[in-house]
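When you get a sec, could you build the whole thing from the sequences and use the hints?
Line order of the protein sequences matches chains A and B.
In terms of my numbering, the first sequence opens at residue 761 and continues consecutively.
In terms of my numbering, the second sequence opens at residue 737 and continues consecutively.
No lab work stands behind these hints, which were simulated from the structure alone.
Backbone N, C-alpha and C fix where the C-beta goes; we use that ideal spot for every residue, glycine too.
Among the clues, some could well be false.
[What the hints assert, rightly or not] Which residues of chain A face chain B? A few of them, derived with a C-beta cut under 10 Å, are:
hint: 1; residue: 775
hint: 2; residue: 782
hint: 3; residue: 787
hint: 4; residue: 901
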Amino acid sequence: MSHAASNHETMTLKIFAWRQKNAQEKGRFEQYTAKNIIPEMSFLEMIDVLNEDLIAQGIDPIVFDNDCREGICGTCGMVVNGVPHGPEDLVTSCQLHMRRFKDGDSIYLEPWRAKAFPIIRDLVVDRTAMDKLIESGGYISAHTGGVPDGNAIPVSKPDADTGMDAAECIGCGACVAACPNGSAMLFVGAKVTHLASYPQGRIEAAQRVCDMTDTMVKLGFGNCSNHYECEAACPKGISVRFIAKLNREYIKAKICG
Amino acid sequence: MILDGKCPSGPIEKTWDKHRFDMKLVNPANKRKFKVLMVGTGLAGAAGAASLGELGYNVEAFCYQDSPRRAHSIAAQGGINAAKNYPNDGDSIYRLFYDTIKGGDFRAREADVWRLAQVSNNIIDQCVAQGVPFARDYAGYLDNRSFGGAQVSRTFYARGQTGQQLLLGAYQALARQINAGSVKMFARREMLDLVVVDGVARGIICRNLVNGEIETYWGDAVCLATGGYVNVFYLSTNAMGCSVTAQWKAAKKGAYFANPCYTQIHPTCIPQSGDHQSKLTLMSESLRNDGRCWVPKKKEDCGKPVSEIPDEARDYYLERKYPSFGNLAPRDIASRAAKEQCDDGRGVGPGGRGVYLDFASSINRLGEDKIRERYGNLFQMYEKITDENAYKVPMRMYPAPHYSMGGLWVDYNLQSNIPGLFVLGEANFSVHGANRLGASALMQGLADGYFVIPYTIADYLARITPGTIKDDHPAFKAAKAEVEANTKRLIGINGKKTVTEFHRSLGKIMWENVGMARNEASLKYALEEIPKLREEFWQNVKVTGSGAELNQQLENAGRVADFLEFGELFARDALHRKESCGGHFRTEYQSEDGEAMRDDENFCYVGAWEYKGVNKEPELHKEPLKFENVHLAVRSYK
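Below you can see the structure in the form of structure tokens.
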């Protein structure tokens, strides 16, 4: 771990951040100045720098969710200049780097906005609804121990690959935030596809898709109306074809039982 | 005091089976009378909570994140080991056991490691049954690859996202139990104290991170699965929220802390780019399957573009020094070798803190598509962070703190010295010794959670009466008051320096004096500096906001306060251990060719520390280690 100096020029940015003390209070944008920002910084490191500055001025720092900062835990997420996770494709906010911005830029920071995601504070929202979706059926009912050998049931490579493509979802909620209807169909579609792609998960597939779909409606997520904003916002490139798969699985379950 | 690890006796192959039979069981109808608290819901915690819930116990599970799916286990990339021997290359439970004991530099318990190797096979079966999308070949069978420290292909993987997929498997199993009502999940809770009544663990105190409420929870047993503590170095590969807090609070209540100075420095991390940096990013060790490590032979070449450095001017130092393992040398060896090259002035990149990990010859041999298929997401990640295309120019790597091998002391049943307190996964010290081989952390987390704790906790519960002490007991009130007073104190200081500034200063002391290479002088220096910094912290830290709200500054302040106490213990442990072993290198103890020199005569034991109070010397207890199956030998990967 060196303490290498950067040769790059520093940037100064105008930050308009959504401040909201709690779910009850009204929110508003506040304007701040982020100074000494260098291109190598991640977007969250830029907010760290700004926050240190705010603390020094006796202002409460901007609250935001983050944890692994490697783009995999799905904790971080904010709407940057109107786009969930910001302007770069296929990255989470923690993997967005300041080299995407230039000196003097204005940046707007907002939380995920969706009916199913109530605001907790500033940029932090409550995504418990996504856990509720998984709890309603997003699993295979395997008991611990007593299962067959891993190679006893082969899985074809195309199926395994499809399952893996779907399983890459990190559950960050950007798809919901990007959707004009606040729909969770990309998230649910990914899980339904992942589990339906394997013989182990096929058995419960019909029940699963019905339960998860019902829960989705109950929790206040909207329906898909083919805007494809979810796919565009997804940091993992989860494809909308999994929504089509979700619909097919649903129809199959309803018609064939 | 001499500690007893309570390992079963007899032939190693039968230890776990015999022990499982000897342990008491809890009748299914009685299981629902017991309440178990599971703190932390990563691989070990989620697997443990799900398994215990499924067995019929009442489980209450806690995590500081907004969902158990976010635990840092999710970031593991490369894979999970198992002794399946599917590739027919000579693997066996015994060989996995042997490699792990040797890889851990003979500082782990034989019986625990045997059990880990034995249940490794069940783990793969379990995960496949849960729908974990492991890589498969065209016949539909599970695929394997190699990892550092092994000469067989025993690593199962799911692209570069194995940790994510295994964690989601455990999380989904947990979700199933939450839905069934057997597990109650409490997210956004941070454990801030352990409640001990008459020497027995009875519950925990948590801060509700959303509204700041201090909450009390009682249980017939408490399990800690709270991960590791390498964020004591400030910069590490751990998630921002990873802390020593739960372990440290338990230590302050009497749990012994074993081998705190054993930390793993991972050889393949993206080098730091500047002082602003908040954390380091690891790149999977599996990259060393096809990537070759090198630095320029001549210092003058270090600044030149790679294309201007011909092959004969490159030093493929791992292949040169360790011809039989080559680029797949274990992590401690590879890390130290990289640091050695850089200290020698032949590092590359900013500040000379980097070595190349070069895929050019693999791309020539296998084609870019094959490399893309194997490591595509890692190359993408590297490009996002460094703005460099690693298909065209070699990656730059530097070692970084990654995993803690030390942790709370536990016996063979994963029970700490406090009855009723169990410790799982990275939070305990048990199987890794002084070093961890690749793809074995995921294995330990799931082994402890799915296949060890469900058996061993029964043996404890079968001997006690459920629900004798609940959270109306005065001990809960006292512990709660203490936590509240601590919060008040932190907010009341209103000093000049931020929490991050203190954390960064501590990290600097730790990395420079207690890091990869250390010696008596540097350790003594750290032992003087840490208490000074701690004192300053309690006088000059600035924590904004109040305790009665979501307050990340307050959360961090509490964690850094604990690191400031724990860091001292870490340094003290490193000072007392006058030998080099695993990732822990004391510069005074090395062979002529610069290899680590272990001292089995004087240090073949687990060092477990008993807390005696701030600014007081802790007491060292020893658990001697016996090697009856794998003979103590100098590790050689040449």
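Outcome of the hint check:
Look at residue 775(A): its Cβ only gets to about 16 Å from chain B, farther than 10 Å, so that hint breaks. A distance limit of 10 Å between C-beta atoms decides the matter here; for residue 782(A) the minimum to chain B is near 7 Å, and the interface restraint holds. A least Cβ separation of about 14 Å between residue 787(A) and chain B goes past the 10 Å threshold, and the interface hint is therefore violated. About 6 Å separates the beta-carbon of residue 901(A) from the nearest beta-carbon of chain B, less than 10 Å, and the hint is met.
Violated hints, in rising order: 1, 3; the structure is consistent with all others.
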